[in-house]
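Peer 1: Using the hints, position chain B with the ligands against chain A.
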Amino acid sequence: MMEQLTRSGNEAAALGAKLSRAEVIAAYPITPSTFIVEYLAQYIADGELKAKLINVESEHSAMSACIGASLAGARTFTATSSQGLALMHEMLHWAVGARTPVVMAVGNRALAPPWNLYANHQDSIAQRDTGWIEFYCENNQEVLDTIIQAYKVAEDKRVLLPAMVCLDGFILTHTRERVDVPPQDAVDEYLPPYRPEHFVIDFDRPLTENVIVTPAWYMEYQYQLEVAMRNAREVIREANRDFAKKFNRDWGGLVDSYFMEDAEVAIMAMGTIAGTARVAVREMRKAGHKVGLIKLRAFRPFPIEEIRKLGSQLKVLAVIDRNCVFGSGGASCIEAQSALYSIPNRPKVLGFIAGLGGKDVGVESIKYILNKALKVSETGRVEREVEWVNLVGGE
Amino acid sequence: MMPSKVVPLKEISRVELVSKGHNGCPGCGMCISLRQALKGLGKNTVLAIPAGCVPVVAGGPLPLAGLSVPTILCSFDATGAFIAGIEAALDLKGRKKGVNVVGFAGDGGTADIGIQALSGAFERRHDIIYICYDNEAYMNTGIQRSGTTPYGAWTTTTPVGSLKHFKRESKKDMPRIVAAHNPRYVATASIAFPGDFIGKIKRATELGGPSYIHVHSPCPVGWRFPPDKTIEIARLAVLTGMWRLFEIEDGQYRLTLKVPKRKPVAEYLKLQGRFRHLTPADIEEIQREVDKLWEAQPA
Ligand SMILES: Cc1ncc(C[n+]2csc(CCOP(=O)(O)OP(=O)(O)O)c2C)c(N)n1
Ligand code: SF4
Numbered sequence: 002m003m004e005q006l007t008r009s010g011n012e013a014a015a016l017g018a019k020l021s022r023a024e025v026i027a028a029y030p031i032t033p034s035t036f037i038v039e040y041l042a043q044y045i046a047d048g049e050l051k052a053k054l055i056n057v058e059s060e061h062s063a064m065s066a067c068i069g070a071s072l073a074g075a076r077t078f079t080a081t082s083s084q085g086l087a088l089m090h091e092m093l094h095w096a097v098g099a100r101t102p103v104v105m106a107v108g109n110r111a112l113a114p115p116w117n118l119y120a121n122h123q124d125s126i127a128q129r130d131t132g133w134i135e136f137y138c139e140n141n142q143e144v145l146d147t148i149i150q151a152y153k154v155a156e157d158k159r160v161l162l163p164a165m166v167c168l169d170g171f172i173l174t175h176t177r178e179r180v181d182v183p184p185q186d187a188v189d190e191y192l193p194p195y196r197p198e199h200f201v202i203d204f205d206r207p208l209t210e211n212v213i214v215t216p217a218w219y220m221e222y223q224y225q226l227e228v229a230m231r232n233a234r235e236v237i238r239e240a241n242r243d244f245a246k247k248f249n250r251d252w253g254g255l256v257d258s259y260f261m262e263d264a265e266v267a268i269m270a271m272g273t274i275a276g277t278a279r280v281a282v283r284e285m286r287k288a289g290h291k292v293g294l295i296k297l298r299a300f301r302p303f304p305i306e307e308i309r310k311l312g313s314q315l316k317v318l319a320v321i322d323r324n325c326v327f328g329s330g331g332a333s334c335i336e337a338q339s340a341l342y343s344i345p346n347r348p349k350v351l352g353f354i355a356g357l358g359g360k361d362v363g364v365e366s367i368k369y370i371l372n373k374a375l376k377v378s379e380t381g382r383v384e385r386e387v388e389w390v391n392l393v394g395g396e
Numbered sequence: 032m033m034p035s036k037v038v039p040l041k042e043i044s045r046v047e048l049v050s051k052g053h054n055g056c057p058g059c060g061m062c063i064s065l066r067q068a069l070k071g072l073g074k075n076t077v078l079a080i081p082a083g084c085v086p087v088v089a090g091g092p093l094p095l096a097g098l099s100v101p102t103i104l105c106s107f108d109a110t111g112a113f114i115a116g117i118e119a120a121l122d123l124k125g126r127k128k129g130v131n132v133v134g135f136a137g138d139g140g141t142a143d144i145g146i147q148a149l150s151g152a153f154e155r156r157h158d159i160i161y162i163c164y165d166n167e168a169y170m171n172t173g174i175q176r177s178g179t180t181p182y183g184a185w186t187t188t189t190p191v192g193s194l195k196h197f198k199r200e201s202k203k204d205m206p207r208i209v210a211a212h213n214p215r216y217v218a219t220a221s222i223a224f225p226g227d228f229i230g231k232i233k234r235a236t237e238l239g240g241p242s243y244i245h246v247h248s249p250c251p252v253g254w255r256f257p258p259d260k261t262i263e264i265a266r267l268a269v270l271t272g273m274w275r276l277f278e279i280e281d282g283q284y285r286l287t288l289k290v291p292k293r294k295p296v297a298e299y300l301k302l303q304g305r306f307r308h309l310t311p312a313d314i315e316e317i318q319r320e321v322d323k324l325w326e327a328q329p330a
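Here the protein sequences line up with chains A and B, keeping their order.
Letter by letter, the first sequence follows residues 2 to 396 of my numbering.
Letter by letter, the second sequence follows residues 32 to 330 of my numbering.
In isolation and in its complexed conformation, chain A is listed as follows (with noise of 0.2 Å):
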C-alpha cells in the first residue's frame, strides 16, 4: 500500500533517506535544510530507522564524517544549504576522489552577502567540478524519489561517485505537496544494502585509502573519475527505467521532455521552474503555438546526447537559469550551448538568468521569455544572448 500525505520537500528528503536506510548521517543545521536532519533524528529516536546520526560542529565534518563512514562500509548521507556546501567544498572533492557514494539533499539557497535565504542555484553550481552527480528536483516527490536513485546510481560499480539531490529553497522545502511514499520492501528490493567492493578495513589484507601518487598516476586516477562520470549517464537511465517499473513513476532519466514531439521553439529549465513552465508550454499549445519544454534533471552528469538529439529539431532554445556564471551567463545555459555546438542544425540558443535569491518566476516570465524565442524564430535574428529577468532597474 502506498501511503499518501502532504509532505514538505525537507520531510520528502528524509523519507527518501529513511526508505534508502542510511546507516551513517553527520549534519549541521542550515536553512532551509534544517529540517531534513530533524526528522531523520526523530526517526532514529523513534526506532523507525536503524542509524548514526553524529551532530557534527560543521558541515566541513559533516561530509568528513560521512566520508569515513562510507570508507568504513557505510550507507552515507547529509543535507545542507548555501553557506554550508560552500564551506564543504574542500571535503567534496574528497568525497569523489575516495569514491564514496555519499548521498546528500542540498536545500538550494543563495550565497551571501548580501544575506539571503530563498532559492539560488549558485550554491550547487559552484561545486559543478567537483565530481559530484548533481540532480535538480521539480516537486517533492521527485525529492523522495530522487533520493533513492541517487543511493542506486552512486553505489553502482560502474560510477561509485556521490551523489547530490537540490530542491529549491522553501518552494520545496517548506512546501507540502501530496507525496505518495513506497513501502520499505519494495524500496529494498529496488536498493540493495550497500556493500563496498573493497573493504577497507580489512586487518589481514591491510589497504591504504587515498594514497598518494605522482604525476605519473595522478592523471590515470582522474581519468578513472571522468570514465565514472560517463558511465553515470546510463546508470540514471537504467536506475529510472527500473523505478518506473517497479514505482509506476518516471521522471525521464537525465530529462524530461514535455510536449517535445513537435516543438519548434523549447525553454530548458532546472528545478521548480520546469514546473512553472510546463504551465506556460500548456497556455502557449493552447494558443496555438509550437513550443515545448526540457526538463534537466540530471546537470552533471550533463545530458549531451539527449540534449542534442531534442535540440536538432529546434529552431530556438530558451534556456532560464536561476544562477549566474558571472560575465558569461547561465552554467546551463553555457552547457547547452557547448552541447549543441557540433550538430548540423542546431539552434539558436538564448540564455535567461531568473529567479535570483527567491525572486519569483511566475507563468509570465516563462511566456515573457518563451514568446521572446518565438519572435527570434521567425526573424532569425538574435538581439541579446543574455538576459535578466524582472530586474527591478531593468537591464
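Note that these hints are calculated values from the structure, not bench results.
One or more of the hints may lead you astray.
Label pairs and their computed distance ranges (CB to CB) [stated by the list, open to error]:
| no. | chain 1 | residue 1 | chain 2 | residue 2 | range |
| --- | --- | --- | --- | --- | --- |
| 1 | B | Gln283 | A | Ala187 | 53 to 59 Å |
| 2 | A | Gln43 | B | His196 | 56 to 62 Å |
| 3 | A | Pro115 | B | Arg199 | 38 to 44 Å |
| 4 | B | Leu286 | A | Val228 | 54 to 60 Å |
| 5 | A | Trp116 | B | Arg199 | 47 to 53 Å |
| 6 | B | Gly173 | A | Glu396 | 47 to 53 Å |
| 7 | A | Ala217 | B | Leu286 | 20 to 26 Å |
| 8 | B | Arg156 | A | Glu49 | 22 to 28 Å |
| 9 | B | Ser50 | A | Tyr222 | 35 to 41 Å |
| 10 | A | Pro216 | B | Asp322 | 50 to 56 Å |
| 11 | B | Gly192 | A | Glu91 | 29 to 35 Å |
These numbers were taken from a predicted model, which means no experiment stands behind them.
Using N, Cα and C, we set each Cβ at its ideal position, and we do this for glycine too.
Peer 2: Leaving out everything else, chain B with the ligands in the frame of chain A:
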C-alpha cells in the same frame, strides 16, 4: 584511577607495523613515534592520517605505502571528524569490538587547523584515540610556525632578522585544551621514553575513548640538529622540564615521570640551530617560564 604501566623494554612488541624503506627523513622523531605508537596499538587498528609529514611515510607515494594496518589519508583539517565517521560506521555494523580507531596527526593539523573537528569529536565522546605528534612546526610545507612552536624558536615564518626575530608567543597548551573536554584519557609522551609512551597507548586502548596522547617528536630537519641526536634531544626536553610527562584519567592528574633535579634549559636549547640566535637573557627568560610552569604544576 589506574595509572598507566610503563612497558619494560623487553616486553615491547617485536612486530613492525611500519615498513622499512619509507620516505621519512633520517632520524625523524615522528617516524619513531609512529612506530612506537603502533607497537602499543597492535594490528587491529584503523589509522586516519591528515596532510603533514606522516602521509609521506605512511601513505605513499604509490607504490610505497608504509603501514601494515588499514590506513586512510584524510584532509588536513578534519582528522577528528573522519575518525568519528569511521567509528560510527564500525559501531553500527557491529565491527568495532577490539578495534582501535586512531587519528595520527601533526601539531599543526591538531592544534591549529584541525582543532575544531578534534574538539567536536571529543565533545561528542566518540570512542577514538587521537595521537598528536608534535614536531613544533609545519614541517611538511617547510618549517613554518605553528601554534605549538615554542617561544624563541626560529621558523621560516618567524625568521631571525634585525627587527623581528623568532617566535614571540609561547606554545599552545594542547593537552590542557583537550583535557578541558573531560575525555577518558589525556597524556603526554616522549619518544625517549618508549615504555612510558607505549604504556599510555595501551591504557588508552583499555579505557576506550575519547583519548588523546600528545607525543613530543623532535625533527632534525626543522630544529637543525644532526639526525643521530633525535633521542638525546627528546630526552633533554623532558629532563630540562621543557616537556612534561603526565596523564589525566577521568579528570585525575598524575605526573608519570618525576624529574627530581631539572637540568638547565640551555642544555636543550644549545643543541638546536632553531634557538641559535637566543641571547643569554632570552634563555634566562625561557628558564623562568619553565620554572614558573613547574611551580604551578600539581605534583
Ligand atoms: C586546507 C589545507 N591547508 C594547507 C595545507 C598544506 N599543508 C600540508 S601539510 C601542512 C603542514 C602540516 O603541519 P603539521 O600538522 O604540524 O605536520 P608536519 O608537517 O609537521 O608533520 C600544510 C600547511 C593543506 N594540505 N590543506
Ligand atoms: S621534516 Fe622532520 S618531521 Fe618531517 S619527515 Fe623529516 S624529520 Fe620527520
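Peer 1: Take a look at whether the Cβ-Cβ distance between tryptophan 116(A) and arginine 199(B) falls inside 47 to 53 Å.
Peer 2: 38 Å, violated
Peer 1: Lying within 20 to 26 Å: is that true of the beta-carbon distance alanine 217(A) to leucine 286(B)?
Peer 2: 52 Å, violated
Peer 1: For the range 29 to 35 Å, tell me whether the beta carbons of glycine 192(B) and glutamate 91(A) fit it or not.
Peer 2: Holds: the Cβ-Cβ distance is about 34 Å, inside 29 to 35 Å.
Peer 1: Can you tell me whether the CB distance of proline 115(A) to arginine 199(B) sits inside 38 to 44 Å?
Peer 2: Cβ of proline 115(A) to Cβ of arginine 199(B): about 40 Å, so the range 38 to 44 Å holds.
Peer 1: A range of 53 to 59 Å was offered for this pair. Does it hold for the Cβ distance of glutamine 283(B) and alanine 187(A)?
Peer 2: 55 Å, holds
Peer 1: Between serine 50(B) and tyrosine 222(A), does the C-beta distance stay in 35 to 41 Å?
Peer 2: The hinted range 35 to 41 Å is violated for serine 50(B) and tyrosine 222(A), with Cβ atoms some 23 Å apart.
Peer 1: So does leucine 286(B) sit 54 to 60 Å from valine 228(A), Cβ to Cβ?
Peer 2: 58 Å, holds
Peer 1: State, for the Cβ atoms of glycine 173(B) and glutamate 396(A), whether the hinted interval 47 to 53 Å holds or is violated.
Peer 2: 50 Å Cβ-Cβ, so the 47 to 53 Å window holds.
Peer 1: Check the following: the C-beta atoms of glutamine 43(A) and histidine 196(B) are separated by a distance inside 56 to 62 Å.
Peer 2: 59 Å, holds
Peer 1: Could you say whether the range 50 to 56 Å given as a hint is met by the Cβ separation of proline 216(A) and aspartate 322(B)?
Peer 2: Roughly 52 Å apart at Cβ, these two residues keep to the hinted range, so it holds.
Peer 1: Is 22 to 28 Å respected by the C-beta to C-beta distance linking arginine 156(B) and glutamate 49(A)?
Peer 2: Because 25 Å falls inside the window, the suggested range holds.
Hints 5, 7, 9 from the earlier list are contradicted by this structure; the remaining hints agree with it.
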